[in-house]
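If you read the protein sequences in the order shown, they are chains A and B. Going by this note's numbering, the first residue of the first sequence is number -11, and it counts up by one from there. Going by this note's numbering, the first residue of the second sequence is number 10, and it counts up by one from there.
Honestly, I wouldn't trust all of these hints.
[Stated by the list, open to error] Calculated cross-link-like contacts (lysine-lysine; reagent style DSS-like; alpha-carbon spacing at most 25 angstroms):
hint : chain 1 : residue 1 : chain 2 : residue 2
1    : B       : 67        : A       : 371
2    : A       : 719       : B       : 41
3    : A       : 731       : B       : 120
4    : B       : 137       : A       : 398
5    : B       : 120       : A       : 736
6    : B       : 92        : A       : 719
7    : A       : 731       : B       : 92
8    : A       : 562       : A       : 719
9    : A       : 371       : B       : 120
10   : A       : 457       : B       : 153
11   : A       : 691       : B       : 153
12   : B       : 67        : A       : 657
13   : B       : 67        : A       : 332
14   : B       : 41        : A       : 398
[Stated by the list, open to error] Here are a few chain B residues that face chain A, going by a calculated C-beta distance under 8 angstroms:
hint : residue
15   : 29
16   : 30
17   : 40
18   : 48
19   : 76
20   : 77
21   : 78
22   : 107
23   : 116
24   : 155
Keep in mind that the hints were calculated from the coordinates and are not lab data. We put the CB at the ideal spot given by N, CA and C, even for glycine.
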Amino acid sequence: MKLYLFKITLLFIPIGLLGQNPNLNYNKFKQLKEEIATPNNYRTASGAPGHEYYQNEANYVMNLMSNDQEQKITGEETITYVNNSPDQLEYLWLQLDQNKRAQNSESFIIRTGGIKSMNTRSIKQLDPDFEGGFNITEVKNKGGELDYVINHTMMRINLKKPLQPGGEFEFSIKWWYNINNRMEIGGRSGYEYFEKDDNYLYTIAQFFPRMCVYNDVEGWQNKQFLGQGEFTLPFGDYEVNITVPTDHVVSATGELVNASEILNSKQLERFEAAKKSENEPVFIINEKEATKNEKNRKKGMKTWQFKAENVRDFGWASSRKFIWDAMVVKQETGDVLAMSFYPKEGNPLWEQYSTKAVAQTLKTYSRHTFDYPYPVAISVHSKWIGMEYPMICFNGGRPESDGTYSERTKYGMISVIIHEVGHNYFPMIINSDERQWTWMDEGLNTFLQFITEQEFQDDYPSRRGPAYKIVNYMKGNKENISPIMTNSESIHQFGNNAYGKPATAMNILRETIMGRELFDYAFKCYANRWMFKHPSPEDLFRTMEDASAIDLDWFWRGWFYTTDHVDISIDEIKHYKINNQNPELNKKDLEEKFIEIKKKDISNQKNSNNETYMDKDEKLKDFYTEYNPFKVTKNEEKKYKKFKENLSEEESEILEENLNFYEIKFSNKGGLVMPIILDFEFTDETHEVLRIPAEIWQTNNFKITKVFAFKKELKQVELDPYLETADTERKNNYWPNKIEPTKFELYKYKDRHSKPSSNPMQKKSKK
Amino acid sequence: MINSFLSIYLLFNFAIHEHYTTITNINFSPEKNIEIVMEFTAHDLEYYFEKEYHKELKLGSINELKDSDSLIFEYISNHFYIKLNNSKITLSYLGKEVNNDESLLIYLEKKSFKNLKSLEILNDLLCKHFPNQQNIVHLEGNLKNSFIFNSKETIHKFK
Ligand SMILES: [Zn+2]
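Turn these sequences into a full structure, and let the hints guide you.
This is the structure:
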């Protein structure tokens, strides 16, 4: 407990200088050479893949059997692993994510917290009664059984002979596991049970032993799966056969290969019609048909065959309850089918918005990156969550049972669909390492999500993106927040750190630091360079600089490597005019001031009508009685003439202009250097906005003085007038001082009776 | 991954939910009032009420629980207090604001406080069901400072 902290903090602002060795360079513009990896033949100094860049490949052929009675999956897979690296591999690593649910899971053991913070649920979890985790029944290749070791969520295959560079290794695994009830014990995947009609809706992922990534940055990325840091996976081709009860409808990563066997002729016809429908989704299975189907209990099983090329993972969903609609999104490089699968419980929201939100996402994201390279993009309804896989994602957003919904529910659903479909770009195609850096996919994705939302509708209530929305997170005590460049498992305040702050930083980079033109080109360049590859943070940092000719080291340093915040203050403004040496003007000026003071002087005012002694007695007068000190003398005139003769043409022009000079002192109280954006308002009420790049802080990071010249006289100055820098303290942004009303004051004084209700729809239908 | 809906599960300490944060601004105004704005993520609080009290708040909808304001205030009173000079102050509830971007703002107030010699704040909002919950408190005015509360550190004292 910090008893006296609040007194000390004030004294030591600006923070960041404490305890540092004074002989080292702590300049905020110091180049990032010490923080980021040295460029090499795999990754160039320009941020592109190097001439020796490689990535390994994992191809899968899988047969899956879904057991709807026991909620269990049984599978067998044949993996062909291709070693494109220049290295010999003595062993291979696979990830067994389901083992996070195993009863001996490490994630139970490393959880901390006292007894006080426990409740019945957490007590129960000390002895989890759900038998989760993979049951591996066979691991072999053509030479027979393979030797393997399981270390929690990681499995090592011990090779008899090292896998040589350029070599391939084919092996197969058999397994089964119990599917978790997502509604009770949670999970990115699992099932939801619908009691009313006795049906299950499965959203299935992380369901098979998956190859780890081996690369030049991490070697094997086999950091244990603890729950927060998501996945990192190699690209490959998948052939997956999913056997489900015959009346189930399956949706999955990839193209449905045996549509002609699986769908009836009516459905096939509609499916073909959807491939031509650009404006409205076409129902392949409509609500009426789905409602009928969910009452089915037909005997027998059916196998749905899917094929996906160049994907890093595979996910699928299955239920009797699915309504299915689709429409086409046209691109130069090929058509994409935007599709949705949802139970009737998702309507009316889902039939109206889901597929269209998918289509809008593809359009906006592609403009900022590349054409969507896969044949389908699917949104599956899944209460409460949002989770992404290649081509398919599981999204929440369920109306009330009476079919109405609040505006909040609607925007929540559209946002989650945009976000999860957006993940196709980051990290499914631009395949960054989520286990290491959550922000590389969540932050960049949230940034484009914001742009997509704003294109979906004017004034869309985006949760993240605008600079002012991150202020409350960044402004406070730094003790429990961490820089963006923090490993996924060690992040405090996950949402703000890995989603909100990097998304805001990218938005500021685009709108304020680089400008849209330079930013958009560089960002697109990053996307195209690393499309279907594995970028690391340096590759993004370097590309953004290399493609724009803007040194951004200070920006990455401040926003990504520190917890500094923005607080720039206008400390003082002084007004000056150049003395043009013209004795006439100077003296007139003096005279005016003299008269003004005389006029103001209270005794003078009261005495002005009195008759003085001198008024009565002429003899008191002398030379000085009539002498006007403000009259220009001959001598002064001569001196001025000489002065003017010595002036250059340029100098005399400046003098003629009779400019106002303002010396403004700024200080950087938050530590994070940013551009200084000033709105000058003049006495004639006109405005001039001036943008000074952050480099103004280059030589002194904390205090600067700058002089501004105007013909007009200043009335007031506002710093950061468009709320674009995330300045946390606005009180010191004005001259003269101006106090903005607080949120509290605004609430208190606004008419509380004019609050709109957020589900007026329901009101209407109730009437 | 995102989660705009209700979901946090202790069993696997599994974060489909990425928020886990409340932010409270406490302003000791020059007029000697304590002005408090508390920001929740609306669905966090809704989920919490479902788990803890089996009540669906449905904030901002016509179906919103009639007594949602008093329930929320009661909940806050049990999980948040300010002690000034060793005695708990009584806060009054001014109202709330539910926004479409999921932010839920609660306005609380205490009129005319005595001279401030010591201060103690308890904040364990939402900690019971969300083990990763972090509650930020910013003190505004002369006391400018901020503190983070979580399930392990629920009280901060200042003199
Ligand atoms: Zn996400």
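Checklist entry - Measuring from the C-beta of residue 40 of chain B to each C-beta in chain A, is the shortest one below 8 angstroms? => result violated (11 angstroms)
Checklist entry - Taking the least C-beta to C-beta distance, is residue 30 of chain B closer than 8 angstroms to chain A? => result holds (5 angstroms)
Checklist entry - Minimum Cβ distance from residue 76 of chain B to chain A below 8 angstroms? => result Violated: closest Cβ of chain A sits about 17 angstroms from residue 76 of chain B, beyond 8 angstroms.
Next on the checklist: Would the hint on residue 48 of chain B be counted as holding, given a Cβ-Cβ threshold of 8 angstroms to chain A?
Outcome noted: holds (7 angstroms)
Next on the checklist: Given the hinted pair residue 562 of chain A and residue 719 of chain A, is their Cα-Cα distance within 25 angstroms?
Outcome noted: holds (19 angstroms)
Next on the checklist: For a C-alpha distance cap of 25 angstroms, please report whether residue 731 of chain A and residue 92 of chain B respect it.
Outcome noted: holds (24 angstroms)
Checklist entry - Would the pair residue 67 of chain B and residue 371 of chain A pass a check requiring their Cα atoms to be no farther apart than 25 angstroms? => result holds (16 angstroms)
Next on the checklist: Checking one constraint from the list: CA of residue 457 of chain A to CA of residue 153 of chain B, max 25 angstroms. Satisfied?
Outcome noted: Holds, at roughly 20 angstroms.
Next on the checklist: Please verify whether residue 92 of chain B and residue 719 of chain A have alpha carbons no more than 25 angstroms apart.
Outcome noted: violated (28 angstroms)
Checklist entry - Is residue 120 of chain B within 25 angstroms of residue 736 of chain A, Cα to Cα? => result holds (13 angstroms)
Checklist entry - Does the interface hint hold: is residue 155 of chain B within less than 8 angstroms of chain A, judged Cβ to Cβ? => result Interface hint status for residue 155 of chain B: holds (3 angstroms vs cutoff 8 angstroms).
Item to check | residue 29 of chain B as chain A interface residue, shortest Cβ-Cβ below 8 angstroms | outcome: holds (7 angstroms)
Against the hints set out earlier in the document, violations occur for numbers 4, 6, 9, 12, 14, 17, 19, 20 and 21.
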